[in-house]
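Student: Protein chains in written order, with our numbering: chain X, 960 to 1156; chain P, 960 to 1156.
Treat each hint with caution, since some may be false.
Heads up, the list lumps identical chains together, so a pair's fine if it works in one copy or across two of them.
No more than 30 Å apart at the CA atoms, straight line, and that leaves these computed lysine-lysine pairs for DSS-like [unchecked claim]:
#1 Lys1037 x Lys1014
#2 Lys1037 x Lys1124
#3 Lys1012 x Lys1037
#4 Lys1153 x Lys1124
#5 Lys1017 x Lys1153
#6 Lys1124 x Lys1007
#7 Lys1153 x Lys1037
#8 Lys1124 x Lys1014
#9 Lys1017 x Lys1007
#10 Lys1124 x Lys1017
Since the hints were made in silico from the structure, they are not lab data.
If you're wondering where the values come from, they're calculated on a predicted model, not measured in any experiment.
Number of protein chains: 2
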Amino acid sequence: MPAIDFWYSIGSTYSYLTVMRLERVAQETGVTFRWHPFNVRHVMTVQKNIPFKDKPEKAAYMWRDIERRAAGYGLHPKFPVNYPIPELVLANQIAVLGEQEGWVETYTRAAYRGWFEAGHRPGEEPNLTAALSAAGQEPARVIAEAQSERVTSMLEAVTELAMGKGIFGSPSFLVGDELFWGDDRLEDAVAWAKRSG
Amino acid sequence: MPAIDFWYSIGSTYSYLTVMRLERVAQETGVTFRWHPFNVRHVMTVQKNIPFKDKPEKAAYMWRDIERRAAGYGLHPKFPVNYPIPELVLANQIAVLGEQEGWVETYTRAAYRGWFEAGHRPGEEPNLTAALSAAGQEPARVIAEAQSERVTSMLEAVTELAMGKGIFGSPSFLVGDELFWGDDRLEDAVAWAKRSG
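Only chain X is shown next, with the shape it has when bound in the complex (with noise of 0.2 Å):
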């Protein structure tokens, strides 16, 4: 079965548009994802590519495109969402405890839902035990342990690790080396990781 690596932070707002179908598309066309969260804050502030802060007409638009797309996915974001999130580090540090004790692909649509349809930000109270509680986990552990000298350095390593692969946003999809990069780009990775599986 072709196998697809799907790189991602919580706190890109176009990756909610992946994270809430990704589901779906696995179901639909046999593809694996690999769900690898990273810290794209981190990505974008080395590259100096920061997209959307001060540039009002092209977050304007942003937010208009993902409340099209999402029309068009069956999914209900509210608007306007809370944006950006402090606590982007903290979210994505649990994601990749998750990551590694394999509950991360609930956790993190359970974020990405508390933040777009109920106003919550990621990494904050309410939202971090909504989540958590969600994946089945057990919120003051997981919280003190996505914070230790472990998971922080583990976020670290696989940030470098994305940036060896040339990704410089989320949500970036890998076949191979083959990078494809935005919600809007998920369907060519299937069809080339169909062609090349």
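Take the given structure of chain X and dock chain P to it, following the hints.
Tutor: What follows is chain P alone, placed relative to chain X:
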């Protein structure tokens, strides 16, 4: 018949894909496209939105993405493409004159074909003479007229108009007030136009 306003700048990379396939899309969908050249470089400077300069990772991805999508459209650009183009303003002054006189589409397609497929930058020779000849125009007359006060002011005025409509990049599609940005949103714009029309 539904109509879409197509706003673009000669000099934009992704606009190559749109310029080269728009005639076929119009025939296949029955949608009319009104071509409106403007100065995207001015807009991006004003809005501090510089997508590829000093961003090698993102630029490398952009070229690969264009290569893949061009192949999907049956286009055959030659890489590396000579970018950016120093004579963006003249290339688009000529285009607005062509819009007024009715030969903008042929000129724009020929200018892009010369740029992406033969390696000659728009707004310079030999691209200028080749593209204007393809459009049935006398190069010396057009090049002089395009730099007149009248045409210079016209390009500036339509660029302000574009900004007033929320346009921040090229290619853009307007269906009434609904903005779609990027060659990859052309199908969405067509669907919107058909629903609205």
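Student: Could you check the structure against the hints above and give me the numbers of any it violates, in ascending order?
Tutor: none
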